[in-house]
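Trainee: Here the protein sequences line up with chains A and B, keeping their order.
For the first sequence, this note's numbering gives the first residue as 1, with consecutive numbering after it.
For the second sequence, this note's numbering gives the first residue as 331, with consecutive numbering after it.
Please note: incorrect hints may appear among the correct ones.
With a straight-line cut-off of 25 Å between C-alpha atoms, the simulated DMTMM-like cross-links for lysine to aspartate or glutamate are [to be verified]:
1. A/K160 with B/D373
2. A/K46 with B/D471
3. A/K111 with A/E290
4. A/K17 with B/D471
5. A/K17 with B/E506
6. A/K17 with B/D503
7. A/K81 with B/D508
8. A/K17 with B/D373
9. A/K46 with B/D508
10. A/K46 with A/E78
One side only, chain A facing chain B, incomplete, derived with CB under 7 Å [claimed, not checked]:
11. P31
12. F36
13. G37
14. L83
15. S87
16. S129
17. A301
Treat the hints as calculated values from the structure; they're not laboratory data.
This structure is a prediction, so every number in the text was calculated from the model and none was measured.
The C-beta atom is built at its ideal place from N, Cα and C for all residues, glycine as well.
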Amino acid sequence: MTAATERPRSWNAALPKPVRQSLTALPFLLPSLILFGVFVFYPLIKSVYLGFFISNAFHTKQIYVGFDQYREVLGSSEFRKNLVVTSTFALYTVLPSIVIGTFLAIIANQKLPGIVVFRTIFSSTLAASVAIASVTFLVLLHPSIGVLNEVLGWFGVSPKLWLSDGGWGQQQGSTWTLVGAWFTNPNWALISVSLATIWMNVGLFTIIILAGLQTVPDDLYESARIDGAGRWAQFWHVTLPMLSPMLFFATIVGSIFSFQAFGQIRILTQGGPVDSSRTLLYSIYTEGFENFRIGAASVEAIALFLILVILTTLLFRLTAGRVFYGGERT
Amino acid sequence: MTGRWARRAPAYALLLLCAVLLMFPLYVLVVDGLHPIDEFLNDPPPSLWPSDPQWENFFPKGGAGGSGSSLSRYLVNSLIVSVVITIGQLATSATAAYAFAFLRFPGRNVLFMVFLGTMMVPLEVAIIPNFQTIQWLGWTDTYQGLVAPFLATGFGTFLLRQHFLTIPAELRDAAEMDGYGHFRFLVFIVLPLAGGALATLGIFAFLQAWNQYLWPLLVTNDPEMRTVQIGIATDATQNLNKINVAFASTFLAFLPMLVLVIGFQRFLVRGLFGGSVKG
């Protein structure tokens, strides 16, 4: 090496190579690491820890109870009902969002002049925040000023007590009575919250599925047509199989959204009536910030965390081959 | 020619019907925003046609909730919070992604997994300890309290790293010859080459920050510090006497996001799939 290209020796040249490399990388990583430490990892450990304590009646003292609180909260009938409500909410929102999103994406994928206008309209609800979607559905579902019952009346549909009838969600008693009522006594409060959520989801799902449709090669349809497949057969045998990874992706993303849903419940039903729309996250909020049962809320938060870990792992698995290890620099 | 349009008519009719159904809630929102208040107080439900439109509902002087805070104040708060979060995420993600893409150091892969792992811990899971932290710092009702938990993201680091990896390593060698340190190389060479990925992350960060509901609800009590989401929800649920103005404000708050989402749709699609689909 000649003198001209030789770089000046820096102060850390004497250090071993791994140490030197770490010192170079540290300033780039430190901001993220500090923030993750304070707002992600510390809270996770703290939640587990808080779950070991109950506070006394006046919230002046924390009493250590070990795993007793975990056993008590996770084994309680309230927790079981929260889980039923949360899972039902996931079912009520994910399935319709995907069916509607797929339908809209397929009709918006036709080659027609001006189709861009419809694509834009169909995906526009993505712009709606949870607060905007909830207030927008308040104008439809509000007990006195909502207009949906009137509109449904034109089509001969009887009026519903949208936000104020919790149906099976209001039932007390064993899980079996709940399951029985689930099919016979609709939970209109939870359906109301779901309607706002579906509306909000449809924009995103249409975009996702439209992106999927555009990856289906035209010659697949071509050869299906040559084989004499009609429109319906083309949908079942070409579109749906090609779309299945995208639909699975949307299912998991939608499920994660539903377990994180909060604003629509807070604005439309406040978890009621009689806890019929109280999901796991809403329960964490009321226990932690209204009833000040920090320990119980923390136990529920850990349960929510574990559910989300399972869902996110599925999502990572799904995208792993294509995304996560693609393009590793060697 | 007419034959072709006649064949297309059913397709257009279906598209139009779907568009009308999907937009119906927003239509009612706007109509309700235009109604005078006695439409709600006297003989509800309000009619579906604005027979006596009150345009000034969309340009209110005082706050809709009567709290003294106005929509413009909510909007300014949201704008400050969202811009700071967006810039913060871009900065922390770009530097971390640079380390993962261009630097070699012991434990790099493990640390990258740790960054990805943070995606499994959304804020919703950690609201109680995080609220306690913000309270302990004395940051309730402050902008720092509203933004601090969102300044770094595993998703952003991941997204930018994917893009940085497509930049040839030879470029780094050449820059080193020219005497560029790592930081200057990142700012002057890498970032200009990663414009699309930065735009994707930026739009995601902004949209998420703007649309937040749970965290601002927890850390603000002062009406002056409310973000627009909390503001419109509070106004629409607490005071029936000005509910028409609250509905008008809700629609106004929706418009800027609509423009943003339509304008940046292709970046959004790209980001959704972690950069694996060219939208």
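Trainee: Measuring from the C-beta of A/P31 to each C-beta in chain B, is the shortest one below 7 Å?
Mentor: At 5 Å from the nearest chain B Cβ, A/P31 passes the 7 Å test, so the hint holds.
Trainee: A/K17 and B/D503 were given as a pair; does the straight-line alpha-carbon distance stay at or below 25 Å?
Mentor: Holds: A/K17 and B/D503 sit about 19 Å apart, inside 25 Å.
Trainee: Holds or violated: is the Cβ of A/L83 closer than 7 Å to a Cβ in chain B?
Mentor: 16 Å, violated
Trainee: Starting from A/K46, check that the Cα of B/D471 is at most 25 Å away, please.
Mentor: Roughly 23 Å separates the two Cα atoms, so the pair holds.
Trainee: Return the status of the interface hint for A/F36: holds when the least beta-carbon distance to chain B is below 7 Å, violated otherwise.
Mentor: Check passed: Cβ of A/F36 comes within 5 Å of chain B, closer than 7 Å.
Trainee: Hint check: is the beta carbon of A/A301 less than 7 Å from a beta carbon of chain B?
Mentor: 5 Å, holds
Trainee: Does A/G37 meet its interface restraint, that is, does its C-beta lie within less than 7 Å of any C-beta in chain B?
Mentor: For A/G37, the interface hint is violated, since the closest Cβ of chain B sits about 10 Å away, which is over 7 Å.
Trainee: Should the interface hint for A/S87 be scored as holding, given a Cβ-Cβ cut-off of 7 Å against chain B?
Mentor: 17 Å, violated
Trainee: Are the Cα positions of A/K17 and B/D373 separated by 25 Å at most?
Mentor: With Cα atoms ~79 Å apart, A/K17 and B/D373 exceed 25 Å; violated.
Trainee: When you check the alpha-carbon spacing of A/K17 and B/D471, does it fall within 25 Å?
Mentor: Measuring from Cα to Cα gives roughly 47 Å; hence the hint is violated.
Trainee: Below or equal to 25 Å on CA atoms is what counts here, so check A/K111 against A/E290.
Mentor: Between A/K111 and A/E290 the Cα gap is close to 54 Å, so the pair fails against 25 Å, i.e. violated.
Trainee: Does the alpha-carbon distance linking A/K46 and A/E78 stay inside the 25 Å limit?
Mentor: Holds, because 24 Å separates the two Cα atoms, which is no more than 25 Å.
Hints 3, 4, 7, 8, 9, 13, 14 and 15, counting from the list given before, are not met by this structure.
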